[in-house]
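Asks: Take the sequence shown: its letters are residues 322 to 959, numbered as in my numbering.
Treat the hints as calculated values from the structure; they're not laboratory data. No residue lacks a Cβ here, since even glycine has one placed at the ideal position from N, Cα and C. Check before you lean on any hint, since a few could be wrong.
To be verified - Once the Cα atoms are required to be at most 20 Å apart in a straight line, the calculated EDC-like pairs of lysine to aspartate or glutamate come out as: (1) K680 x E720; (2) K668 x E646; (3) K549 x E665.
Stated by the list, open to error - Distance windows between CB atoms, simulated: (4) E752 x L605: 40 to 50 Å; (5) A562 x Y533: 39 to 49 Å; (6) A768 x S904: 21 to 31 Å; (7) Q389 x G436: 44 to 54 Å; (8) I788 x T899: 18 to 28 Å; (9) R726 x V611: 50 to 60 Å.
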Amino acid sequence: MWSLWQLLRWRQQARSILTRVKELGGELGRGGPTLRERIIQLRWRAKGGESLERLLPETYAVAVAASQRILGKTHFEVQVMGGISLFHGHIAEMQTGEGKTLTAVLPAALRALPGLGCHVLTANEYLASRDAEEMGPVFRELGLSTGCILEEMEDSERGLEYAKDITYGTAAQFGFDFLRDRLKRGADPGGGVTVASERLGAAAGVVQRELYFALIDEADSILIDEGKTPLIIGLETKDRAEIESLYRWADQAARQLIVGSDFEIDTRKRLLDLTDVGCRKVVLISKPIVLDRIDTETIYEHVERALMARYLFERDRDYVVRKSEKENKDEIAIVDEGTGRVMEGRKWQDGLHQAIETKEGAPLSAQTGSAARITIQSFFRRYEHLAGMTGTGWAARHELKRVYRLPVVIIPTNRPCLRQGLSTRVFADLESKWVAVALSAQEMVAAGRSVLIGTPSVEASQGLSRILDRAGVVHRVLNAYRHAEEAEIVAQAGLAGRVTVSTNMAGRGTDILLEPAVRNAGGLHVIATEMHTSARIDRQLVGRAARQGDQGTFQFFLSLEDELLRALPEEKRQAIRTQARPSPNGEVTAQWQKLFLKTQVAIERMHTRQRRQQLEHEKQRTLRYHKLRLDPFIELTD
322 MWSLWQLLRW RQQARSILTR VKELGGELGR GGPTLRERII QLRWRAKGGE SLERLLPETY
382 AVAVAASQRI LGKTHFEVQV MGGISLFHGH IAEMQTGEGK TLTAVLPAAL RALPGLGCHV
442 LTANEYLASR DAEEMGPVFR ELGLSTGCIL EEMEDSERGL EYAKDITYGT AAQFGFDFLR
502 DRLKRGADPG GGVTVASERL GAAAGVVQRE LYFALIDEAD SILIDEGKTP LIIGLETKDR
562 AEIESLYRWA DQAARQLIVG SDFEIDTRKR LLDLTDVGCR KVVLISKPIV LDRIDTETIY
622 EHVERALMAR YLFERDRDYV VRKSEKENKD EIAIVDEGTG RVMEGRKWQD GLHQAIETKE
682 GAPLSAQTGS AARITIQSFF RRYEHLAGMT GTGWAARHEL KRVYRLPVVI IPTNRPCLRQ
742 GLSTRVFADL ESKWVAVALS AQEMVAAGRS VLIGTPSVEA SQGLSRILDR AGVVHRVLNA
802 YRHAEEAEIV AQAGLAGRVT VSTNMAGRGT DILLEPAVRN AGGLHVIATE MHTSARIDRQ
862 LVGRAARQGD QGTFQFFLSL EDELLRALPE EKRQAIRTQA RPSPNGEVTA QWQKLFLKTQ
922 VAIERMHTRQ RRQQLEHEKQ RTLRYHKLRL DPFIELTD
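With these hints in hand, go ahead and build the complete structure from the sequences.
Replies: See below:
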């Protein structure tokens with residue numbers, strides 16, 4: 322764990338580095354070595370075995386000077402402190418607007434010196450591409466090459482990007498490339514070739530180098546929230562006609578079953594099971610002849626998947642239906658709760674994705690088995706060096722330390738934070754809440770403020786948009802359907818009188834710049850329309866207000882019909898509705914906020930237990946595979 326003494330030592334070192342930057346300016350003016358020449362000298366020293374810690378002061382000073390020259394931006398003392406903490410393998414908690422992207426230049430430049438590769442990871446491809454484009458000229462000034470991994474790239478392009486000194490990308494892209502490389506090698510600890518790699522027609526031509534250093538932006542989102550997400554390379558299964566018939570029949574059968582008597586649901590854990598009564602009813606439902614040879618257990622599993630698709634997964638909340646970019650047909654795209662973005666290339670496993678496609682009438686994608694898999698947390702534990710940045714790391718400090726051996730350090734802000742929270746308002750029903758949100762937005766617009774309204778899903782953002790239209794509130798909507806307009810919408814979100822309705826796309830990594838009139842009127846006002854399953858996601862949203870010493874406010878509007886409370890048993894929810902006693906405008910007393918906080922904490926603890934159990938399971942699985950001299954990431958296939 323970090324200490325105040327350590328923070329003071331880093332501050333002293335940061336001041337020394339910034340003093341050295343001024344000296345460099347004088348030396349360059351007198352015809353001394355250029356910044357690129359200095360980095361070349363530092364690279365030779367690093368490759369000659371000199372420790373990077375000894376090279377840190379000079380490298381950071383040169384990188385700061387390059388940023389000044391190319392971007393016209395000067396690193397603040399606290400940014401240099403953050404850069405020092407990142408080199409030493411910490412998670413640096415830096416508040417919104419404190420310049421995490423610029424801070425990342427320092428450890429990236431230093432870790433690039435040995436020529437072993439430096440990976441900089443962001444929450445999504447939009448941010449990876451943006452940061453690589455913005456910071457690339459700084460690295461080029463230092464003679465360091467910069468790459469970026471995008472989903473549409475072929476292997477030949479990926480190999481070239483990974484060969485560069487610094488490579489930007491997402492956890493999914495880096496993780497999938499790791500798995501594809503394992504399959505190409507056909508590697509196992511004994512040097513054999515797996516059946517899976519032969520079936521994929523794998524050959525030589527891996528794209529990644531060894532996993533040397535990863536610098537993760539929005540580290541808690543990637544390492545914690547996505548930690549148990551499996552990255553899976555699939556193998557297409559056979560008997561497609563039979564499988565399609567099975568999914569269609571299971572969907573029709575699911576419509577005939579009654580919740581409670583035929584099946585039971587645990588919405589909190591997203592689990593669903595047929596009862597004995599339901600099993601008997603399923604067996605009696607007539608089936609097409611093509612399904613006669615399918616065993617009863619498989620029939621039950623597919624009916625349960627169809628029920629899950631119908632009762633536990635909602636359109637425009639958990640997924641969107643969109644036109645495929647490659648083919649002119651509908652496809653199901655998963656939406657990440659934490660970011661509000663489409664998770665490109667991801668599919669639910671074990672037939673759930675196909676069950677949802679059947680429910681929505683979309684063409685059935687090929688059901689896949691698993692050729693190779695790894696979870697996000699297992700992938701990042703393989704890096705030799707790891708560090709990260711986030712605005713919300715402290716709440717997850719114990720898990721980050723236990724799983725990744727990453728201490729969390731809070732970096733001071735450059736200027737005092739002026740963010741103010743207004744009293745939370747709670748309503749008995751959704752309609753009353755949305756009306757109150759619209760009225761609040763109108764009041765803020767009249768005061769010359771800009772307003773950001775955070776919604777939990779695509780469906781909620783579209784529903785609120787209709788209410789704002791009826792109220793005559795001019796606004797823009799940012800959600801998974803409008804990701805192409807993101808840069809334009811965010812650029813205008815800080816204008817006076819501007820109302821922006823957004824899913825969590827406007828949470829992490831989004832910096833809303835205010836025009837002077839808005840600053841003078843009180844800054845950006847953030848309205849949070851629900852509490853999420855993680856308090857850190859809520860903090861990311863309210864953190865959009867009051868950046869870098871600006872004024873700003875936030876307020877939560879909640880309702881007893883919110884998604885978070887669906888995790889409670891139906892009897893409990895019914896009792897809540899009975900006890901609520903709303904006022905004429907639908908508002909209830911603020912004491913109900915305690916229920917939301919209690920439910921949120923319970924869900925966070927459950928998710929922590931699940932991640933811990935999954936990690937332990939993976940450790941045991943890895944041990945078993947190693948004893949058999951098999952690759953733990955490649956599945957055994959027939």
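Asks: All hints, please: hold or fail.
Replies: For each hint, the structure was consulted:
no.	hint	verdict
1	K680 x E720	violated, 38 Å
2	K668 x E646	holds, 16 Å
3	K549 x E665	holds, 17 Å
4	E752 x L605: 40 to 50 Å	holds, 42 Å
5	A562 x Y533: 39 to 49 Å	holds, 48 Å
6	A768 x S904: 21 to 31 Å	holds, 25 Å
7	Q389 x G436: 44 to 54 Å	violated, 26 Å
8	I788 x T899: 18 to 28 Å	holds, 27 Å
9	R726 x V611: 50 to 60 Å	holds, 53 Å
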